[in-house]
Amino acid sequence: MECKNLLLELEASGLEERLSTAAVAHLDQCIHCSGLVADLKAIQSASIELAEIEPPARVWVSLRNQMESEGLIREPAAEVVGTGSRSALRPWFRPALAGAYMALLLVAAGMLGVRSPQFDSPDGPLVRMPAALAPAAADAGRTEIRERNPVVAASYTQGLEVIDNFIRLCEKTVREQPNNETAREYLYDAYQQKATLLATTMERGAWGD
Amino acid sequence: MRMLRASRFAFRPLLGLVALVLLCPAAPAQAHKIEKRFSVGLRPTVNVRNKSGAITIKSWNRPEVLVVANHASDKTEVDAEQMGNRVDIITHLVTQNVKPEELVANYEITVPEEADLQIRNDAGLVRVERVSGELTFDTVAADVDLREVANLLLVRTITGSLACVRCAGRIEVSSVSGNFRFVEPVSNNVRAVTTSGKIYFDGGFQSGGTYILKSYTGEIEMLFSESDSFELNASSQNGKVENEATLKPLEHQRRPAAESRFLGSSFGIFNQGQARVQLSSFSGTIKVRKRGQR
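So the protein sequences, as listed, match chains A and B. The first sequence begins at 0 in numbering that gives the first Met the number 0 and counts up one residue at a time. The second sequence begins at 0 in numbering that gives the first Met the number 0 and counts up one residue at a time.
No wet-lab data here; the hints were simulated from the structure. Take these hints with a grain of salt, some might be off.
Using 20 Å as the maximum straight-line C-alpha spacing, the simulated DMTMM-like pairs for lysine to aspartate or glutamate come out as follows [to be verified]: (1) 286(B) with 250(B); (2) 35(B) with 100(B); (3) 239(B) with 180(A); (4) 247(B) with 218(B); (5) 247(B) with 171(B); (6) 197(B) with 160(A); (7) 57(B) with 100(B); (8) 57(B) with 73(B); (9) 3(A) with 38(A); (10) 35(B) with 80(B); (11) 197(B) with 163(A); (12) 239(B) with 160(A).
All values reported here derive from a predicted model rather than from experimental measurement.
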């Protein structure tokens with residue numbers, strides 16, 4: 000099983016359902032996916048303890064833009080796609096939904112982190128990227144960009160490095176200036192960018208196990 | 000001696016033929032040229048998906064789409080099909096065992112001027128001229144070069160850069176490390192975001208327009224004229240702002256509350272402040288330059 004297949008299975012069955020044997024076997028040997036599942040579970044359990052949070056409007060705007068850009072939703076006047084069975088949508092629906100799903104989770108992770116009491120502590124963790132996606136994804140050697148064209152593979156790698164460098168820069172500033180709202184917003188933006196890039200990479204089938 | 004010379008001449012055509020046979024594999028591109036023509040209605044949609052290569056799109060005043068494809072290898076295949084008023088042009092891999100240079104397919108496409116374009120090209124170049132429909136470009140490393148396009152422009156790249164000359168309509172572009180260059184845009188709505196790329200904006204500002212340029216770590220350079228009218232909100236968290244515009248202060252209640260937190264910032268109204276210009280960066284330098292000053 001590949002990483003993207005595991006994501007599809009998670010998307011279909013959720014964290015509550017029992018995963019297939021192949022998925023369990025994959026989790027046993029894939030540090031990225033096992034970290035991701037651990038983070039998702041941590042987010043899930045933490046979110047239950049939180050009061051209901053209304054995200055700012057720009058979160059929904061951003062998600063809507065992301066979904067529109069991936070063709071998942073359209074303007075009302077546009078053609079109606081796939082009024083029939085879900086299977087007709089499957090070739091494009093699933094990667095797009097996986098991307099949106101991941102973006103949503105990262106937004107949730109970001110919001111949780113922003114509201115974490117530890118955030119203001121100079122020594123405590125900042126708005127934390129799920130472990131499976133942060134440095135591991137930036138490390139091209141370990142993230143195995145499965146792309147035939149070296150120019151494109153280098154582009155993905157460079158993109159991840161650029162965003163990770165930016166995340167580190169923002170984290171440093173937030174650590175030094177815990178009350179700086181602008182720096183937090185930039186950090187939040189950086190996480191969103193990373194989620195978008197990873198979703199794009201997966202959607203194009205260039206990220207493997 | 001005469002006989003020897005005669006026989007040498009007799010061999011020349013044969014040698015030429017042998018040379019031709021030997022050289023044939025060196026020019027495979029000629030063997031993979033495909034040309035297709037489609038009759039379309041008003042405002043067709045042209046959808047191109049390509050792995051690598053140059054895509055050049057121009058317009059004409061005929062209700063037709065002309066596709067000329069040229070690919071380097073027989074391990075790729077070009078499909079160009081029409082579905083109603085949509086033309087899909089897709090480069091397929093025939094086998095999984097493909098070298099990078101064998102992925103290349105180049106296209107020259109001619110479309111009606113009002114066509115909508117959906118272009119996806121991972122590497123190489125996309126060049127579009129004088130097309131005025133809704134244009135969407137999605138690339139990884141491919142650069143996008145647009146001239147005199149209009150209506151709606153959506154560009155997303157990872158490392159690919161964008162050059163936009165006399166682009167009109169709503170413009171929304173984003174990239175991770177690609178540079179953006181806008182020259183003489185005719186738009187009242189520009190939004191450009193790049194993480195580390197440089198943004199260069201040299202154009203007028205329409206009354207009521209919104210211009211949002213954001214480069215998180217890269218440089219932003221915006222040029223203005225004495226006759227321009229805009230409200231400027233330029234801020235760099237850890238970088239500096241070099242502003243040549245003489246600004247009138249903003250009204251107190253409209254002044255950004257976080258102004259003092261920025262290492263570099265410049266807020267205020269230039270002339271009547273009819274357009275809204277927002278330039279923001281985390282660590283990059285922002286330059287607001289008077290046109291013709293360099």
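- Sort out which numbered hints this structure fails and list those numbers smallest first. Violated hints: 1, 2, 4, 5, 7, 8 and 12; rest satisfied.
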